[in-house]
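Peer 1: Following the hints, complete the assembly by docking chain B onto the known chain A.
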Amino acid sequence: MNKKFFSSPIILILPSLLAIGFVIIIPLIFSFYTSFTSYKLTRPDSLYNFIGLRNYERLIDNTKFWYAFGRTILFLAIVLNLELLFGLGIALLINKITWGQRTLRTIMMFPMMFSPILVGFQWKYIFNDNIGVLNNFLYLFGYESAIPWLIDKYLAMGSIMVAEIWANTSIFAILLLAGLLGIPRDPIEAARVDGCNSWQVFKNITLPFLMPFIFIALTIRSLDVGRAYDIVHIMTGGGPAMRTELLWTMIARIGYKDANMGFANAMSYVSIILSIAFTYYFFTKLVAARRELGQQ
Amino acid sequence: MANVDLKNLTKKYGEVIAVQNMDLSIPHNEFLVLVGPSGCGKSTTLRMIAGLEEITSGEIYIGDQLVNEKDPKDRNVSMVFQNYALYPHMTVEENLGFSLKIAKVDKNEIETRVKEAVQILGLEELQKRKPSQLSGGQRQRVAMGRAIVRRPDAFLFDEPLSNLDAKLRTQMRTEIKKLHQKLKTTIIYVTHDQVEAMTLADRIIIMKDGYIEQIGSPIEVFNKPVNVFVATFIGSPPMNILTCDIISKDQKVKIKIDNEIYLDCPENFKDLFNNKSKVYLGIRAEDLKPVEKNTIDNNDWFFSKEIDLAEPLGTETQLFFHLNGKEIISRMYNPYPVSIGDKINFQIDTSKIHFFDIDTEKTLF
Numbered sequence: 000m001n002k003k004f005f006s007s008p009i010i011l012i013l014p015s016l017l018a019i020g021f022v023i024i025i026p027l028i029f030s031f032y033t034s035f036t037s038y039k040l041t042r043p044d045s046l047y048n049f050i051g052l053r054n055y056e057r058l059i060d061n062t063k064f065w066y067a068f069g070r071t072i073l074f075l076a077i078v079l080n081l082e083l084l085f086g087l088g089i090a091l092l093i094n095k096i097t098w099g100q101r102t103l104r105t106i107m108m109f110p111m112m113f114s115p116i117l118v119g120f121q122w123k124y125i126f127n128d129n130i131g132v133l134n135n136f137l138y139l140f141g142y143e144s145a146i147p148w149l150i151d152k153y154l155a156m157g158s159i160m161v162a163e164i165w166a167n168t169s170i171f172a173i174l175l176l177a178g179l180l181g182i183p184r185d186p187i188e189a190a191r192v193d194g195c196n197s198w199q200v201f202k203n204i205t206l207p208f209l210m211p212f213i214f215i216a217l218t219i220r221s222l223d224v225g226r227a228y229d230i231v232h233i234m235t236g237g238g239p240a241m242r243t244e245l246l247w248t249m250i251a252r253i254g255y256k257d258a259n260m261g262f263a264n265a266m267s268y269v270s271i272i273l274s275i276a277f278t279y280y281f282f283t284k285l286v287a288a289r290r291e292l293g294q295q
Numbered sequence: 000m001a002n003v004d005l006k007n008l009t010k011k012y013g014e015v016i017a018v019q020n021m022d023l024s025i026p027h028n029e030f031l032v033l034v035g036p037s038g039c040g041k042s043t044t045l046r047m048i049a050g051l052e053e054i055t056s057g058e059i060y061i062g063d064q065l066v067n068e069k070d071p072k073d074r075n076v077s078m079v080f081q082n083y084a085l086y087p088h089m090t091v092e093e094n095l096g097f098s099l100k101i102a103k104v105d106k107n108e109i110e111t112r113v114k115e116a117v118q119i120l121g122l123e124e125l126q127k128r129k130p131s132q133l134s135g136g137q138r139q140r141v142a143m144g145r146a147i148v149r150r151p152d153a154f155l156f157d158e159p160l161s162n163l164d165a166k167l168r169t170q171m172r173t174e175i176k177k178l179h180q181k182l183k184t185t186i187i188y189v190t191h192d193q194v195e196a197m198t199l200a201d202r203i204i205i206m207k208d209g210y211i212e213q214i215g216s217p218i219e220v221f222n223k224p225v226n227v228f229v230a231t232f233i234g235s236p237p238m239n240i241l242t243c244d245i246i247s248k249d250q251k252v253k254i255k256i257d258n259e260i261y262l263d264c265p266e267n268f269k270d271l272f273n274n275k276s277k278v279y280l281g282i283r284a285e286d287l288k289p290v291e292k293n294t295i296d297n298n299d300w301f302f303s304k305e306i307d308l309a310e311p312l313g314t315e316t317q318l319f320f321h322l323n324g325k326e327i328i329s330r331m332y333n334p335y336p337v338s339i340g341d342k343i344n345f346q347i348d349t350s351k352i353h354f355f356d357i358d359t360e361k362t363l364f
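Here the protein sequences line up with chains A and B, keeping their order.
Going by numbering that gives the first Met the number 0, 41 is the number at position 42 of the first sequence; the sequence numbering is gapless.
Going by numbering that gives the first Met the number 0, 312 is the number at position 313 of the second sequence; the sequence numbering is gapless.
Okay, chain A solo, but in the shape it has when bound (with noise of 0.2 Å):
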C-alpha cells in the first residue's frame, strides 16, 4: 500500500463507500450472479451451480411472465392516468376554496396514512362478494345477485385499480396543488383581459405551469405502481387463474414459495427496465417541460 491511498479525502469518504458497498453495491452484484445459477432457497450449495443464460432463455420463452410484464403495464398506465385526472380534478377544486382549505387538504391526505396493507384488507372486505359492502350496498337497491368482484376474471383487475387510486390520487392531488398555489397571478390575469375563457385560461396558461409538477408525480408513481404488490397480494393473491398476476407478484412468488430464487432474479432484472423505462421517460418530459418555462 503506498501512502497515497490512505490521504485523507479517501479515508474520509471511506465510511459512506463501505456503507454504500455493504447495502447495495455487493447485494446487487450478489444477485445478478445468482441469476446466472440455479439457486434454489432450499439447497444453499446450488449457489455454486453456474448455468449460464439458462434463467433468461427460460424466461424469454416464459408466457406467464410476459402477461404479468403486460398486465403490470397495463395497470401502470390505467392507474397512473386516473390519478392524474382524478388527482388534478381535486387540486383544481381545493385551490378554488377560499374557506377552509387548510382542513380539507388535510382530510384529502386521509388515504395516504393507512398502511397498503390495510388499505388492501379494507378494499377485500368492501368488495367481498356474501359479505361486502358493496353487494349489500347494491342489494338494497334491488340488485339482488352477487356480483363476484374478486373473483370475476375482469372484475378483479378492476378492484385492485379502485383500491390503488383511491390509496395514492391524494399524492397527485397534493402535488399538483402545490404546483397551483405557486402559479403567479399575473400571467393567469393578463390571460382573462387578453380575451380568454375559465378553459382556455387552463388550457393555455394552467396547464404549462403545472406540466413539470405533473411529471414529477408521474415519476414518483410509476415507482411506486410498477412495484405493487402488497395491495395485490392482499386482495387477490394474484388470482384468479393468475388473472391479477403483476411482476412482482409473480417474481415473489416464484423466489420465495417456490424457493426458485435464481430464476426469480432474472426476471427481476428484466422487470427492472421497465421501471427505468418510464423513470426515464417521464423525466426527459420533466426537463422539456420546464426548458419550456424558461425555467432551466
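The hints are simulated quantities; they were obtained by calculation from the structure and are not laboratory data.
Incorrect hints may appear among the rest.
[What the hints assert, rightly or not] Over 12 Å on every C-beta distance to chain B, these chain A residues come out as not near it, computed from the model:
1. I59
2. T62
3. K284
[As the list claims (entries may be wrong)] Each computed DSSO-like pair below joins lysine-lysine, with the alpha-carbon atoms no more than 30 Å apart:
4. K127(B) x K95(A)
5. K72(B) x K202(A)
6. K95(A) x K69(B)
7. K202(A) x K100(B)
8. K95(A) x K103(B)
9. K129(B) x K284(A)
10. K202(A) x K275(B)
11. K351(B) x K202(A)
12. K114(B) x K95(A)
13. K183(B) x K248(B)
14. K202(A) x K103(B)
15. K202(A) x K269(B)
16. K183(B) x K202(A)
17. K275(B) x K351(B)
Quantities reported herein were computed from a predicted structural model and do not represent experimental measurements.
Backbone N, C-alpha and C fix where the C-beta goes; we use that ideal spot for every residue, glycine too.
Peer 2: Chain B only, in chain A's frame:
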C-alpha cells in the same frame, strides 16, 4: 376607441374602504394618470375597470356599455402589468399574437398586426425568443406590444415602469408618450411616481385613502394644489410647508415664519386671515430664491438665514436651512459657491406662495 365612465364607484374589502364613491369621466383619447401613495386605491380602481376586481357598488361604462357584469375578456381593454405578466412558455411572437389567436382572428391578420407591433416597439431581433431570454426593458416592451395588437378601447397601465432602473424608466416613459400620440387611444395609467404622472398625463388624478383629492392638468395641480397633501405630493423636492402665526404689529398684519422673521401679509390674503391666528404657508423650493443683493420690489418677501447644508447637483444647488424648527429646501439656479453657516438672502415672489387652512388643510384662495 371609447370613453370610460365611472359612476359612484366603491370598493370595500370587508370594513376596509379601498375606493369610495368615485365619479370620473374619461374622454376618448385622454391620457389619464392615477397617482397616489401605496394603498390609496389607484390600482384597485384600474383592476375594477379591467374586470379583475369585483365592484362593491357603482357603475363602470366603457364606450356606452355598462360593463359591471362583464368578464374581463368581454370588455375590450388591454392591460400592462407591473411584473410584465408575459406567458413564459411562449415566444415573443406567440405572446404578442396570443389574444388574437384566442379571438380566432385570421392567421394572416395576426401576422400583420404582430409585425406592426414589433416594428412600433423595435422588437424585430427578439421575435423568436422566450421571455426568460429578455432583459427587463425588453419584457416591458413585449408587454406593451401585447396590449397594442388587440386594438382595444382603452389601455390600462398598472405601474408598468416601477421594475425598471432609473435610466430605462426615463426612456420607456418617453416611448409610452410617443405611443399614445401614435395610437390615439384612451390610456389609464397608474403610478406612485409623481414625475411619471407629470410628464405623461393630460390629466392627473391624485388619490388618497380611496378618495380623489384633486383632478387637473399637470400644471394645474402643480400650481394650484387644493390642499397640503397634493401640494407636498406633487413636485420634487416637495413643497416646503410651514406653520405660521398671524399677528398684528405696527397696525399691520404680519406673518411670523420664524422667531426673528416677520413678513407683511400680501394684500389679497388679508381678508382671508381675519379670524385666523395660524395658517400653513407653502413655498416651492424653486420659489425660494437665493439672491446676492436685496433687489426686491415691494411685493416680494425678503429675509436672510444661515444654511445648514448645501447639495450641489450641477445645474442647481439645493440649500437646506431651518425655519421655526422645520427643514426647508431652496433651489439655487446659477449656483455660486456657498458653505455651511453662510448667511444667505432669500427672496420670495408672494404671487407664488400658498396658504392652507390649519384645520382642514385646504387651500385658502
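Peer 1: Next, verify each hint and record whether it holds.
Peer 2: Hint by hint, here is what the structure shows:
| no. | hint | result |
| --- | --- | --- |
| 1 | I59 | 44 Å, holds |
| 2 | T62 | 46 Å, holds |
| 3 | K284 | 14 Å, holds |
| 4 | K127(B) x K95(A) | 35 Å, violated |
| 5 | K72(B) x K202(A) | 16 Å, holds |
| 6 | K95(A) x K69(B) | 20 Å, holds |
| 7 | K202(A) x K100(B) | 13 Å, holds |
| 8 | K95(A) x K103(B) | 29 Å, holds |
| 9 | K129(B) x K284(A) | 19 Å, holds |
| 10 | K202(A) x K275(B) | 67 Å, violated |
| 11 | K351(B) x K202(A) | 60 Å, violated |
| 12 | K114(B) x K95(A) | 38 Å, violated |
| 13 | K183(B) x K248(B) | 58 Å, violated |
| 14 | K202(A) x K103(B) | 16 Å, holds |
| 15 | K202(A) x K269(B) | 70 Å, violated |
| 16 | K183(B) x K202(A) | 34 Å, violated |
| 17 | K275(B) x K351(B) | 21 Å, holds |
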